[in-house]
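Novice: Guided by the hints, dock chain B onto chain A, whose structure is given.
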Amino acid sequence: MDKTRAIEIAVGLFVVAGLAALTVLAMRVSNITAFQTTEGYTVIGHFRNVGGLREGAPVKMGGVQVGRVSGISLDTDTYEARVELTIDSRFDDLPMDTSASVLTSGLLGEQYVGLEAGGMPTALQPGDELMLTQSAIVLEKIIGQFLYNKASGSDSGSDGGTEGK
Amino acid sequence: MIRWLQGLGAWTLARMARLGRASLFLLRVLAGLPGLLARFRLLVHQLYSVGVLSLVIIVVSGIFVGMVLGLQGHNTLVDFGAEDSLGTLVALSLTRELGPVVTALLFAGRAGSALTAEIGLMKATEQLSSMEMMAVDPHRRVVAPRLAAGVIAMPLLSAIFTLLGILSAYVVGTELLGVDAGAYWSQMQANVSFYDDIASGIIKSLVFGVVASWIAVFEGFDCMPTSEGVSRATTHTVVNTSLAVLGLDFILTALMFD
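From first to last, the protein sequence lines are chains A and B.
Note that the working numbering has the first sequence beginning at 1, numbered continuously upward.
Note that the working numbering has the second sequence beginning at 1001, numbered continuously upward.
Keep in mind the hints are simulated off the structure, nothing from the lab.
Glycine included, every Cβ here is placed at the ideal spot set by N, Cα and C.
A few of these clues could be false.
[To be verified] Residues on chain B that point at chain A, a partial pick, calculated with CB under 8 Å:
{"#": "1", "residue": "Ile1166"}
{"#": "2", "residue": "Ala1190"}
{"#": "3", "residue": "Val1192"}
{"#": "4", "residue": "Ile1198"}
{"#": "5", "residue": "Met1224"}
Isolated chain A (complex conformation):
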């Protein structure tokens, strides 16, 4: 009888472990509901374009991670992206005029928010808005602009064979 009980307990544990693994896969890996908490304070930046920035992306200052992107939404008044940056509470004396830009690590890497300190003596307070922001670089736009410039710059030249010199 005791052995039966041990077997039943083991099976119960097995089923619970399997279901728990499924739940974690659903929650943590595919992120049905995000439950990540970062300690710190939140500041807000408005970007015209955040590109491929995602929630949970790192916020870096001088290459050192200081926080995470905790929320991205669309501001329906200005039609700009409203990005909430949760900064670690260790870095609580960033200057008021800190600027933020959406950057990419490496050619194909993940996008992150880079902060650059300004010179003002007053520190950012929780809930403050960053004054200077720079949008993500959208590759298609740049290529389009490049081609446009190229075309308008070389319209006096011949159609082909200008490369060789």
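Specialist: For chain B alone, coordinates are given in the frame of chain A:
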């Protein structure tokens, strides 16, 4: 020439007859499944021998497969400066393919062979016939709980395997190789969808569970009741299950991710 044709015909007929026997056998076992609810304890005991006893090999392989994926994935991705995508790579390969398939292969080796040997030995020692003498249907009493246990255990084992793989790749990636921990999870969460990746992995492992347990119990039930027959049936189980799982995996992948 005629001889050769005759041999081919006989071989084909034998195969078809065996497939027919296997299908009829599956139907009889399925008919016995509802009765299992009344004898829940039988199922629990089989879940123990099929599921709990397979845990060790599943856990250890999951951890090592994950660690190797982490190392190899990082080696390749770092050339493109894309090592932040390690989480995506690991999670997608594990949830879609490696989790269900490797679990099914290990299951065939660990639990399927044991099922075949057990049932085959029951047949060789005429326990099955004596059950029939006592008006106990061995399909219901012996086979049905084993099949059900295999089908239930496979998705659970596969989930455990996948999760441990992702966690161990996380440990290797972030602690050893310096991938950003947040990027690992955030890229993974952004690129893994529940319905496309995790749910289809679960469906795969359910299908593999049915196939692997079906082959295992049928080989045992259909074996020659000699010691040689049992050993041959056990080998057949492992080989046939592996082939069936790999072939089915291709078909399922083509259906799910076209």
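Novice: With reference to the structure, classify each hint as holding or not holding.
Specialist: Checked hints:
Of the supplied interface hints, the one on B/Ile1166 holds, with its beta-carbon coming within about 6 Å of a beta-carbon of chain A, less than 8 Å. For B/Ala1190, the suggested interface contact is upheld, since its CB lies about 5 Å from the closest CB of chain A, less than 8 Å. For B/Val1192, the suggested interface contact is upheld, since its CB lies about 5 Å from the closest CB of chain A, less than 8 Å. With a least beta-carbon distance of about 5 Å to chain A, the hint placing B/Ile1198 at the interface is held under the 8 Å criterion.
Annotation: interface hint on B/Met1224 violated; nearest CB of chain A at approximately 32 Å, more than 8 Å.
Hint 5 alone, counting from the list given before, is not met by this structure.
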